[in-house]
Structure formats: C-alpha cells, structure tokens
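S.K.: Just so we're aligned, residue 1004 is where the sequence shown starts under the numbering used here, counting upward by one.
No lab work stands behind these hints, which were simulated from the structure alone.
Predicted, not measured: the structure shown is a model, and the values here were computed from it.
Hints may be right or wrong, so weigh each one.
[As the list claims (entries may be wrong)] Each computed DSBU-like pair below joins lysine-lysine, with the alpha-carbon atoms no more than 35 angstroms apart: (1) K1042 with K1171; (2) K1108 with K1171; (3) K1171 with K1183; (4) K1195 with K1017; (5) K1042 with K1074; (6) K1074 with K1125; (7) K1195 with K1211; (8) K1204 with K1216; (9) K1064 with K1183; (10) K1233 with K1216.
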Amino acid sequence: MLIEMHLYDVQEFKFKTIRSWAAAYAGELRAGAEYSSQKPVICVSFINDSLEENKIDKVHKYCKILDMDTKEVFTDALELHYINMQAFTNAINKASITDMTKLEKWLAVLAEKDVADKAVVKAVCEQEEDLNMAISTLQRLSLDKPTQEEYRRHREEMWRREASDREKAELARVNAEQTKALAEERKANEEKDKALAEKDKVLAEQEKTLAEKDSTMLNMSRIIEEYKAKFGEIAQ
1004 MLIEMHLYDV
1014 QEFKFKTIRS
1024 WAAAYAGELR
1034 AGAEYSSQKP
1044 VICVSFINDS
1054 LEENKIDKVH
1064 KYCKILDMDT
1074 KEVFTDALEL
1084 HYINMQAFTN
1094 AINKASITDM
1104 TKLEKWLAVL
1114 AEKDVADKAV
1124 VKAVCEQEED
1134 LNMAISTLQR
1144 LSLDKPTQEE
1154 YRRHREEMWR
1164 REASDREKAE
1174 LARVNAEQTK
1184 ALAEERKANE
1194 EKDKALAEKD
1204 KVLAEQEKTL
1214 AEKDSTMLNM
1224 SRIIEEYKAK
1234 FGEIAQ
C-alpha cells in the first residue's frame, strides 16, 4: 500500500503518483524471485481538486490497466486511487452520517477541520472502533519524541529524494535538448558539406569540359598550321 499527500498541481501529481507506484513496484521483487510472485501495489492519493474538469464533484477516482479492445482488466498489479477531499467535504456537509460508507467515515476524520458539523466526526469515532483506535494511536505517536524525529527525518529524506529526482529530470531534459541541437547542427553541416561537394563536382566537370575544349582548339590550331605550311610549299 502506497499512500501519498502532496501539494502538487493536480495534473502534475497524476504523473508523480505513477512514478511513485513504479518505484514501489520495482522495489518489491527480490533477486531470483518469479515475476508472477510480485504482489500488487495500491497507490492511494489524497488531492484537493478533481482530475476531471467535468466531474468536479466526484470523490473517488479508481484507475487500473485495461485491455483497450475488451475493456477487461489486464493486470491487478496497478491500482491508483485518487480521493478528492474538496469534493468529499462539500458532500459530507450535506449528508447524513447514516448514509456514509466506511471510506467516507475515514475521510470525515481526515477532513475534520473542513467538516462543518464536528458532531458528525465525533459520532463516527464513537460508532467505528477501528477508527477510534487509529486516532488514539496517532495521538500517542504524535506525542512520542523519537517517532516525531523519525518522521521528520523520513520527510526530509523524501523531500531530498524528490528534489534530486527533479534535478535529474531537469538535467536529462537539458541534455536531451543539447543532444538534439547538436544532432541538428551536425545534420545541417553535413548538408552544407554535401552541397559544397556537389558544387565542387560541378566545377570539376566544367573545368574538364573547358580543358577538353582547349585541347580541341589546340588540335585545330595545329592542323590549320600544318595545312598552311603545306599550301605555302605548293604555292612556291
């Protein structure tokens, strides 16, 4: 299970979660293990907006890999769940606790500060023992200094890793652009060299033609001189 909460642009976050899923999935398989033994990785992301402009009230978006022809699930290896907390709080402020699903009850606790009727959250905690236990555990851990320090180190390491990934991606992008520019420059130079070679070839052919003409003229001049000499001898 991979759970993430970030303040990314929603469309940018979509690609971030795919990268996170891929990293988690790649890290699960042990050396020598069968590929078929790989367990699915479920990515749950909490966002504050919709991934779809025409479905701004949709709370839960669920994505899997499908066969585009049959629309059948190709594999259970990937699950992406996006929870739109903004849409949820808008809905929960109008709903009754009796109509809430298990997921909605958990979300109500997570979104407590945005839930208008705090009594709803209190009632949920009283009804759901596992939720109450989770909150108690969270409160206990939040008061534990070593746990806080470990969380702080984990968070900073995660930020450093993400910053490093962004820097690597930017460097790769710049390198790709430079490589493309060099390739285009090389191609342009090759085309120039080819054009110059063609021009040199044309000039060489022209020079050869002129040389042949000069040779022909010299031969004609020599023949004329020979005839002149013969006619001069006859005249005498």
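S.K.: When you check the alpha-carbon spacing of K1204 and K1216, does it fall within 35 angstroms?
M.R.: holds (18 angstroms)
S.K.: Would the hint linking K1108 and K1171 be met if the CA-CA limit is 35 angstroms?
M.R.: Cα-Cα ~40 angstroms, so violated.
S.K.: Given the hinted pair K1064 and K1183, is their alpha-carbon gap at most 35 angstroms?
M.R.: violated (38 angstroms)
S.K.: Going straight from one Cα to the other, do K1233 and K1216 come out at no more than 35 angstroms?
M.R.: Holds - the C-alpha atoms of K1216 and K1233 are around 26 angstroms apart, at most 35 angstroms.
S.K.: Within 35 angstroms, alpha carbon to alpha carbon, are K1171 and K1183?
M.R.: Given pair K1171, K1183 holds - Cα atoms ~18 angstroms apart, limit 35 angstroms.
S.K.: Tell me if the straight-line CA distance from K1074 to K1125 falls inside 35 angstroms.
M.R.: violated (42 angstroms)
S.K.: For a C-alpha distance cap of 35 angstroms, please report whether K1042 and K1074 respect it.
M.R.: The given pair, whose Cα atoms are some 22 angstroms apart, holds under the 35 angstroms limit.
S.K.: Compare the distance between the alpha carbons of K1195 and K1017 with 35 angstroms, and conclude whether the hinted pair is satisfied.
M.R.: violated (45 angstroms)
S.K.: Is it true that the CA of K1195 sits at most 35 angstroms from the CA of K1211?
M.R.: holds (24 angstroms)
S.K.: Quickly compare the C-alpha distance for K1042 and K1171 to 35 angstroms and report which way the hint goes.
M.R.: holds (29 angstroms)
When the structure is compared with the earlier hints, violations turn up for hints 2, 4, 6 and 9 and for no others.
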